[in-house]
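Q: If you read the sequences in order, they're chains A, B and C. The first sequence begins at 0 in numbering that gives the first Met the number 0 and counts up by one. The second sequence begins at 0 in numbering that gives the first Met the number 0 and counts up by one. The third sequence begins at 0 in numbering that gives the first Met the number 0 and counts up by one.
No lab work stands behind these hints, which were simulated from the structure alone. Treat the hints with caution; some may be incorrect.
[Unchecked claim] To list a few chain A residues with every Cβ distance to chain C over 12 angstroms, as calculated: (1) Gly90; (2) Ile93; (3) Leu194; (4) Glu229; (5) Asp287; (6) Gly294; (7) Glu305; (8) Glu317; (9) Gly321; (10) Pro328.
[Claimed, not checked] Derived pair list, reagent style DSBU-like, types lysine-lysine, alpha-carbon separation capped at 30 angstroms: (11) Lys138(A) with Lys241(B); (12) Lys181(A) with Lys210(A); (13) Lys303(C) with Lys152(A); (14) Lys333(C) with Lys303(C).
Here a beta-carbon is modelled for each residue, glycine too, at the ideal position from N, C-alpha and C.
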Amino acid sequence: MSDRSILLEIRNLDVNFFLDEGTVEAVQDVSLDVFQNYTLGIVGESGCGKSVLSQAIMRIVPPPGKITGGEMVYHGGNAHSIDLVKLDEKGKAIRSIRGNEIGLILQEPMAALSPLYTVGDQIQDVLRQHSSMSKPEAKAYIVELLDQVGIPKPDIHVDQYPFELSGGLRQRVVIAMAIACKPKLLIADEPTTALDVTIQAQILRLFQELKETLDISIIFISHDLAVISEIADEIVVMYNGRIVEEGPARKVFSEPLHPYTIGLLKSVPKLGEGSRERLTTIEGTVPDPFMKSEGCAFYPRCSIREEQCTLECPALAEVERGRKAACLPIQSSSR
Amino acid sequence: MINYIIRRIFYMIPTLIIISMISFTVIQLPPGDYLTTKIAQLQAQDELINVDLIEALREEYGLDKPIYVQYGKWVWNILHGDFGYSWEWQRPVEEVIGERILLTAIISFSATFMIYLVAIPVGIFSATHKYSVGDYLVTFVAFVGLALPNFLLALLLLFLGYALFDVSLSGLFSAEFANAPWSAAKVGDLLKHLWIPVIVVGTTSTAGRIRVMRGNLLDELNKPYVMAARAKGLSEVKLLLKYPVRTALNPLISGLSVLLPQMISGATITAVVLGLPTTGPMLLGALRSQDVYLAGAFILLLSTLTVISTLLSDILLAWSDPRIQYE
Amino acid sequence: MEAANNNLLTVENLKKHFPIKKGLLRRVLGHVKAVDDVSFKIRRGETLGLVGESGCGKSTIGKLILRALKPTAGTIMFRVDDEEVLIHELSDAELRSFRRHAQLIFQDPYASLNPRMTVREIIGEPILVNRDQQTVDLDQRVKELMDLVGLDSRYLKRYPHAFSGGQRQRIGVARALALNPDLIVADEPVSALDVSIQAQILNLLHDIQQDLNLTYLFISHDLSVVEHISDRVAVMYVGKLVELADNDDIFRRPKHPYTEALLAAVPQISERQKRETYTLGGNIADPANPPSGCYFHPRCRYAKEICKTQPVVMEEVSPRHQVACHLARELSLKGL
């Protein structure tokens, strides 16, 4: 475990959205490490900041969002490391990383592709941007690439428009686009959410294969605990813009620490339980993004809350070896 | 694509036939015809009437026959290149309108060209600089352009031209070229005069289209495919032009079909104010004096132009948006 | 043995074909067989889960039962107070008075509520439309319904945008309950919701079923949710039912290879080592141009010659377990 080299170090990252109604702290004080050739799963419900985090890494947070603090040191470049936060959002440096060193896969494959250009044309963009390939070279390579991501008859599909393909094939196209320049890091934001189960299984398998053949690191973002548990080595659970728990995937799911993780796991119906009983739920709803509280954001919904939780916002801290949680009662009991 | 075009042309034919029928009927609706009116006028002035000529004309165009026979004759003649006889101008229709149609087309096409040349980049600027000083300025100017009636703008420009530069900018030609045959010098003179009517005719549409372009592009800028394109590392200008701008152009392309005929028929007041030898004022006159064949030819040409420009913009749209051909 | 009249809904040989029109003259070139020869029954008070992947026709079945669509063929029989109503034959007027017996809960709580109506208007609308029912006090009834679905009845005059996704779905449930229906067709009622909210709505559906003796047709693509809520489950593939059995039989003793493949595809939170699964290849067949024989044969790993040529029909292979597979009696498939 210790010989893994770090690819991306995120420290105390803050991303705020400055809206007329107030400021939304979409990502707050997030620190995490992405190691080489492993899969980091980020799980959380809508609005927890997981997508914004992925956009922040690419430096494509849409306005009025802004990175307001922290650093993201990328060690992938040759010999020297770069703090992505310091780069100019529109500059050459970050653009030579986007699509080249770090690839991004978005949730809706139909929406992530323009309906006006053929599949090949859209993949070609990224190749021609980052390499000196000629058009025919690029095309030949794209056909190869489509074949690699499991698209049948790649020589025909390369000249087709996205709407001519099924949902599963479209997602494969988006994946092909993201891996075209052999990036070191692949960020996949809910890549299977819009797909049917059998197609989802195919895509998850493809991710596993890519990780092995390309020696790539993956940040896999999903709201679906089961999907994350199938694919991730390490898991980060986010709530209200913060990381509340982090640890090895199997541990987090078998012995969750944070009350939010426990609640989430209990509230999903699990296949094979067969029960028609009521589910255990997390009462209440996600906090209003414009409301700020001194204490822990999960306090109103928490099952183990204590007085101290309203006073101080818990920081993420190691509770067991290799396992972190942002929860005061748990941190104090483990000490 | 070929199939699509054939289908569209196929749809055009019945449309044109129906339009020609309706317009012919409407023109004929008022009681009497041009000749009876003319005879009455001449008799009132005690002038001699060339009865033979009138009878010959009446015979030739079947004015004494029922309306469907007249219509049949009219269409038959048009198919043979004969648009009929303008009573008012005492000349064949095609001679009367030939040059005017050409000049109108020149003004319309130049205006259309200017509208898109200005509206698209300004709209893009406005959308990509949302809520900036530049955007507010563009928005303000665009609203003024929308609100200002064309003829007022025409008068304003004429006045400015006269007051500041002491030149008369009305008409399309200087006096020495007005009735001269076409020559290189005449074309040059035309170009010198052209910009005023083009600006006048095009301002409102330009303003409108800036707003359309801005709105469409703003919608597109938030779409995931733009973020996906940005994530590829493309430069902002490159990705903007390739992805959202092209999508945002589609409504402008389909708007092309309305623009052409609108400018030919709609600029009548402007043409009167500016004294332009275009079709608008002539159509108005022909309708007033029941100059059947002249008015009919105009209306038919206008509707044909509408139908053709619709076809053209649809073909352009199908070329620009591949989804359309597959529907 | 349950009495025959215990069936609230009996669907027989239900078909819905949509014509495909093409070319200059919009000639009908063929049909999309969205629902093709589907038969099933739902007993009073039970939940029938209907699962399948997108485009398999499961939502169309829901719409046909509520007569939002007119069936191409087949019968839909609904039992109201010991009288049989033939839904497929109802005239528009009869349909209006029937509507109170069967209601729909939509997938998208954002799209299915009119943003310009208050909660009171949304929930009260069905009551007002069916005025023949004696409702003394509309506000009182709406408040009752809001209490029932766990909404604060003080928010009567609020608009949908003031509510969270889960609360909006509660409004949708309250609207469906307004006329005391017997049957509720729930079309993906929790798919658009967050995990923690999903559990709250599933519990709500569970509770009101107990309290009001409701019957559910629960349409979903999510097998975990269907397993959780259903008494019996029907599996659909390209317009046809392929398997119909009690919950436990479907999930533990599947008899159709498609069911087996679906179960294998569902990701699971497990402490075990990553499961040794097989992944179903290929894509869902095109309902406008389905394969010959059994529609599933091109993707089926057990397919034999007979599957390519002979169409399949639903057969009872063991008590209360129907399967449409030539090999159902031979195969031993893996459940959970």
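Q: Does each hint hold? Answer for all of them.
A: Now the hints, each set against the structure:
Chain C leaves Gly90(A) outside its interface by the beta-carbon criterion, the shortest separation being 37 angstroms against a cut-off of 12 angstroms. No Cβ of chain C comes within 12 angstroms of the Cβ of Ile93(A); the nearest lies about 32 angstroms off, and the non-interface call holds. The claim that Leu194(A) is not at the interface with chain C is violated, since a C-beta of that chain comes within 12 angstroms of its own (minimum 9 angstroms). For Glu229(A), the requirement that its beta carbon stay farther than 12 angstroms from each beta carbon of chain C is not met, with the minimum near 4 angstroms.
Its beta-carbon lying about 10 angstroms from the closest one in chain C, Asp287(A) breaks the requirement of being farther than 12 angstroms from that chain. Once the 12 angstroms rule is applied to beta carbons, Gly294(A) is consistent with being away from chain C; the minimum gap is 20 angstroms. Remark: the non-interface label on Glu305(A) is consistent with the geometry, its nearest Cβ contact in chain C lying 22 angstroms away (cut-off 12 angstroms). Listed as a non-interface residue, Glu317(A) keeps its Cβ farther than 12 angstroms from every Cβ of chain C; the least gap is roughly 23 angstroms.
Interface exclusion of Gly321(A) from chain C stands, the closest Cβ pair being 17 angstroms apart, more than 12 angstroms. For Pro328(A), the non-interface assignment is confirmed: its Cβ lies about 20 angstroms from the closest Cβ of chain C, beyond the 12 angstroms cut-off. The suggested pairing of Lys138(A) with Lys241(B) holds, with an alpha-carbon distance near 19 angstroms, which does not exceed 30 angstroms. Between Lys181(A) and Lys210(A) the CA atoms are separated by roughly 11 angstroms; this keeps the pair inside 30 angstroms, and the hint holds.
With a C-alpha separation of about 26 angstroms, the suggested pair Lys303(C) and Lys152(A) falls inside the 30 angstroms cut-off, and the hint holds. Between Lys333(C) and Lys303(C) the CA atoms are separated by roughly 19 angstroms; this keeps the pair inside 30 angstroms, and the hint holds.
In terms of the numbered hints stated before, the structure departs from hints 3, 4 and 5, listed from lowest to highest.
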